[in-house]
Amino acid sequence: MSKPITHYYCIIALFLILPLNCHAENATNVFDIRNECNTVKKYVAVVLFSLLLLYGIVSNVLLMVVFCSRDNLYSRAFIIIASQIIVCSFLDFIPQMAIVLGGILKNKSCAEYKPTWVSVILATIDTFSFIAILHFTFLLAVNRLVAISLPKFSPIFESTKIYFLLFLAWTSSFVIPLMEFCYCIKTFNALNLQWSINCNKRTPESGAVFLKIRYIWTLALPIAMFVVYIPIFYSMRNKRTNIADRCNNNSSTCIKYDERNMIATNKYERMMLIQAVFVCGAIEIQIICFSFLPKLVVKLADKEVEILVNIFINCYMILSVTVLPTTNLIFVKRFRESLKRKFLKLLSKIKIVKRIPTVAQSTSIAMRKVHPVSHMS
26 MSKPITHYYC IIALFLILPL NCHAENATNV FDIRNECNTV KKYVAVVLFS
76 LLLLYGIVSN VLLMVVFCSR DNLYSRAFII IASQIIVCSF LDFIPQMAIV
126 LGGILKNKSC AEYKPTWVSV ILATIDTFSF IAILHFTFLL AVNRLVAISL
176 PKFSPIFEST KIYFLLFLAW TSSFVIPLME FCYCIKTFNA LNLQWSINCN
226 KRTPESGAVF LKIRYIWTLA LPIAMFVVYI PIFYSMRNKR TNIADRCNNN
276 SSTCIKYDER NMIATNKYER MMLIQAVFVC GAIEIQIICF SFLPKLVVKL
326 ADKEVEILVN IFINCYMILS VTVLPTTNLI FVKRFRESLK RKFLKLLSKI
376 KIVKRIPTVA QSTSIAMRKV HPVSHMS
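Oh and the sequence shown: position 62 is 87 in our numbering, straight run, nothing missing.
One thing to keep in mind: the hints can contain errors.
Pair ranges (Cβ atoms, derived) [what the hints assert, rightly or not]:
#1 181 / 234: 29 to 37 Å
#2 98 / 375: 41 to 49 Å
#3 185 / 98: 20 to 28 Å
#4 320 / 234: 17 to 25 Å
#5 214 / 373: 24 to 32 Å
#6 379 / 329: 48 to 56 Å
#7 72 / 238: 44 to 52 Å
#8 357 / 228: 46 to 54 Å
#9 245 / 354: 48 to 56 Å
#10 366 / 175: 19 to 27 Å
Note that these hints are calculated values from the structure, not bench results.
All of these numbers come straight from a predicted model, not from anything done at the bench.
Think of the CB as a built atom: it goes at the ideal place given N, C-alpha and C, for glycine as much as any other residue.
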């Protein structure tokens, strides 16, 4: 038998032996992302989580930059409430980096994941940041409702009363995490990248009641947000029809104004509706994915798909925290223009800083050339 053919047989035998070695260790190790059989999945998870965390940090920082600019297009109340969402987003990134990425990057020789005080606190921070984002996003929707549909109540958000609303939102955000800390143990399994909540810490009955309250509250708030956006949409429609009724005369300028206003209002209505669906849908999908998707996929498909499903869920959990900057980046043209202006100013400053050493060097060379001539004269 020739040498090339023997080489081919050796390669085929090697590929046949490798899967057997993976199954020969332990049946549970096949479902461990840190196992050699799942090296590709491990690096895909690390790259995706890192990129999404980087996008979340950068997008929230850019939103803060726009808020701090002088030519700001947002109201004071919007900036204050949105700033709380940004703070909660950064809080949410801490457990993702410490628990999720840290658990993936642990060596295979490390002991199996066991909850410690640090991990329990970080898991509680994860729950708290998510609930706080829900509350402040709902408060932001109420602020838009008051600004567009109920201007009589606008002093609530324009005066110091807004700080009472912020205090109420922060304190109410502590309720569910504290109850979860008392009744449940929230852990992250680094083997299959799955978050789990065990609510048998006291009694199974009390844990089941808490889980029902938690699911109802987290599912009801996004629906309530969308309900809040419905009167906003209808009030904008009514304003447009009122303007059209006033411009029923034969004035050509009014007709031109009416056409431009109707086009702009139609576009703004569509964008507002899309934003509402985008924000509420993103939060609702995250809750459904976290609660029901892993069990559903394991029932319908093989258990080997569990790691891939959990990678998708964790990626979506990180991405859902960036809903506010992503919404502004996609749907708000003035936000993109403001970012473009900031970027151009930064580039111009960098160019000026780069020119200063070259100008100083050229002037020093010119001075050296002039100095001998003046000395001879």
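Mind listing which of the numbered hints don't hold for this structure, in increasing order? 2, 5, 7, 9, 10
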